[in-house]
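Student: Just so we're aligned: 66 in full-length UniProt numbering is position 66 of the sequence shown, and the numbers increase by one with no gaps anywhere.
No wet-lab data here; the hints were simulated from the structure. Any given hint could be a false lead.
[To be verified] Estimated spans, in silico, between C-beta atoms of each pair:
{"hint": "1", "residue 1": "G79", "residue 2": "D27", "range": "21 to 27 Å"}
{"hint": "2", "residue 1": "A53", "residue 2": "G176", "range": "29 to 35 Å"}
{"hint": "3", "residue 1": "G187", "residue 2": "P49", "range": "38 to 44 Å"}
{"hint": "4", "residue 1": "Q191", "residue 2": "T43", "range": "47 to 53 Å"}
{"hint": "5", "residue 1": "G32", "residue 2": "E81", "range": "35 to 41 Å"}
{"hint": "6", "residue 1": "R127", "residue 2": "S50", "range": "48 to 54 Å"}
{"hint": "7", "residue 1": "A35", "residue 2": "R199", "range": "50 to 56 Å"}
{"hint": "8", "residue 1": "Q191", "residue 2": "A35", "range": "47 to 53 Å"}
{"hint": "9", "residue 1": "A195", "residue 2": "R127", "range": "21 to 27 Å"}
{"hint": "10", "residue 1": "Y178", "residue 2": "K78", "range": "28 to 34 Å"}
{"hint": "11", "residue 1": "S180", "residue 2": "G79", "range": "36 to 42 Å"}
Don't be surprised by glycine CBs; every beta carbon is placed ideally from N, CA and C.
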Amino acid sequence: MPAGTSVRRTAILTIAGRAFLRQGYADASMDGIAAEVGGSKSTLYRYFPSKAALFAAYVEEIGTLTWSALAAVQVEEKGTEAVLEDTARAYLDLILSPSALAVTRLVMAETGRFPEIGRIFYERGIRRAESQIAAILQRLAERSDVPGWNFLALPGAAAHFRALCEAGLHEKCLWGVYESASPEDVGSVAQQAVARFLRGCLGQIYL
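Please model the complete structure; the sequences and the hints are all you need to start from.
Tutor: Below is the structure:
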């Protein structure tokens with residue numbers, strides 16, 4: 001993508017994101033976004049053919065840094081627990097970010113009327129993160145010669161790991177019980193999630 005095109009696309013996503021969060025998905029219009037961007041509606045449609053496509057791109061943009069952080073987790077250079085804690089922290093940093101919390105609230109509020117945004121959020125956000133977690137677990141399973149560690153590659157392991165990361169702190173931030181999460185909070189939750197994940201999956205092998 002040419003540099004100018006990339007800059008323009010990023011600017012559109014920034015403005016569209018503000019519009020979605022300020023007005024809601026229903027009331028944010030392509031006309032209004034185009035006017036705020038400073039171009040014609042036809043120009044906006046050349047980048048994004050529909051409001052749903054624009055929302056999908058915005059969801060992906062929110063997770064860009066975390067996709068990179070998950071992809072950069074060093075599996076070969078650390079022990080299994082350390083790798084899992086790095087993975088948990090990267091995922092928590094995404095879901096606890098102000099933008100991710102805001103868009104999660106938006107999707108929860110409007111999916112009943114617009115099921116497509118729920119599907120977009122799941123496919124472009126939750127499922128993508130879960131796929132990256134699954135890839136990390138697969139690599140850990142392949143390198144381990146400890147009996148029982150093949151559970152890491154089992155279907156559902158990544159979903160289980162993700163759910164443990166989300167328990168507690170994420171819910172409190174999502175519902176406004178906590179205004180934000182400190183790095184210490186994130187580190188503590190990551191450690192607890194990993195300990196519960198390994199204890200629950202390995203049982204006596206781990207204990």
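Student: Report the numbers of all earlier hints that the structure fails to satisfy, in ascending order.
Tutor: Of the numbered hints, 1, 5, 6 and 11 do not hold.
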